[in-house]
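Asker: Now for the letters of each chain:
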Amino acid sequence: MALQQKYQELINAAKTSEVQNLQVREQNNVLYIDGEASSGAVKDNLWNIYNKIDPDFRAGDLVLNVNVKAASGTKAKVVTKESNLNIRKGPGTDQPIVGKAAHNEIVTVLNQTSQQWWLIKTDSGAEGYAYSQYLSPTA
Amino acid sequence: MKRVFIHLVLVASLISGMTLPSCKNKKTDTTNTTTMDTTNTAPVEIATDDQLTNGVKDATKDFPGVTATVNNGEVTLTGNIKRDRLPTLMQSIQALHPKKVNNNLTIEP
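In order, the protein sequences belong to chains A and B.
Mind the numbering: the first sequence is residues 46 to 184 in my numbering, read in order.
Mind the numbering: the second sequence is residues 11 to 119 in my numbering, read in order.
Don't take every hint at face value.
Stated by the list, open to error - So the derived list for chain A, only partly shown, Cβ under 10 Å to chain B, looks like this:
hint: 1; residue: N74
hint: 2; residue: N93
hint: 3; residue: F102
hint: 4; residue: T138
hint: 5; residue: D168
hint: 6; residue: Y179
As the list claims (entries may be wrong) - Quick look at which bits of chain B chain A covers, simulated, 3 or more residues with Cβ under 8 Å:
hint: 7; stretch: 76-82
hint: 8; stretch: 87-96
hint: 9; stretch: 99-106
These are computed hints drawn from the structure, not numbers from a lab.
In this text, a Cβ means the ideal position worked out from N, Cα and C, and glycines have one as well.
Go ahead and model the full structure; you've got the sequences and the hints to work with.
Answerer: Quick look at the structure:
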């Protein structure tokens, strides 16, 4: 219960921003918060609160796993630091690169194949798998 | 023998009467803002070390200064990272269903 109190602001924010399938569980002195956010902005806000409560994520007492739900056809912005985003033939960094999406480019999410890898398509027609961490759905 | 059976039936019905409604309440409790947040008591899914090892390989690909090791569900991060890149890495790692993430990174401003 102590961990839920420590991260109460974060839990409350997840509730008020209507994170779906929200689960808050404590197990072996680690708090696990799981759910699905409606946009990248909601997820970013939760991570900002996490970083405020536990600066630089040093405590190792929370696993925050709120992913962004994107229906097929949802637009997403490429949020790499500055480089292009690799588009790959299959879901994995060992897969060949079949195209690239530019930093800040808007692409279409075709399928959330896994939490880590999404099938996307660019306006110029490149289609393949990209690492979801660098995609922010704009819904 | 018959009395023992009746006792058993009584005890069984008492137990089911006590536990079933409380299970139902747990699922529907969404408005409570106090610490009654453990609405789902299913154990947390932890990925296997093989899944985590595969996952951290993809997650750390763009972080050349970072090493991630996996042991018994725990992911330990060592090396160097710039502070503004830390949230991106942590988001990727924590989405892999680790048991715990030990952040031993040296953080550069």
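Asker: Next, verify each hint and record whether it holds.
Answerer: Against the structure, the hints:
1. With 10 Å as the threshold, the beta carbon of A:N74 comes within range of chain B, its nearest partner Cβ sitting at about 9 Å, so the hint holds.
2. Interface hint status for A:N93: upheld, as the beta-carbon distance to the closest one in chain B is roughly 8 Å, under 10 Å.
3. Checking A:F102 against chain B: minimum C-beta separation of about 5 Å stays under 10 Å; hint holds.
4. Evaluation of the A:T138 hint against chain B yields a held restraint, the C-beta minimum of about 5 Å falling below 10 Å.
5. Given hint, A:D168 at the interface with chain B, is violated; its Cβ is 24 Å from that chain's nearest Cβ, farther than 10 Å.
6. Residue-level restraint check for A:Y179 holds (minimum Cβ-Cβ distance to chain B is 8 Å; threshold 10 Å).
7. For the stretch 76-82 of chain B, the proposed coverage by chain A is not satisfied: 0 residues have a C-beta within less than 8 Å of a C-beta in that chain, short of the threshold of three.
8. Counting residues of the stretch 87-96 of chain B whose beta carbon lies closer than 8 Å to any beta carbon of chain A gives 3, which reaches the threshold of three, so the coverage claim holds.
9. For the stretch 99-106 of chain B, the proposed coverage by chain A is satisfied: 6 residues have a C-beta within less than 8 Å of a C-beta in that chain, meeting the threshold of three.
The structure is inconsistent with the numbered hints 5 and 7, although it conforms to all the rest.
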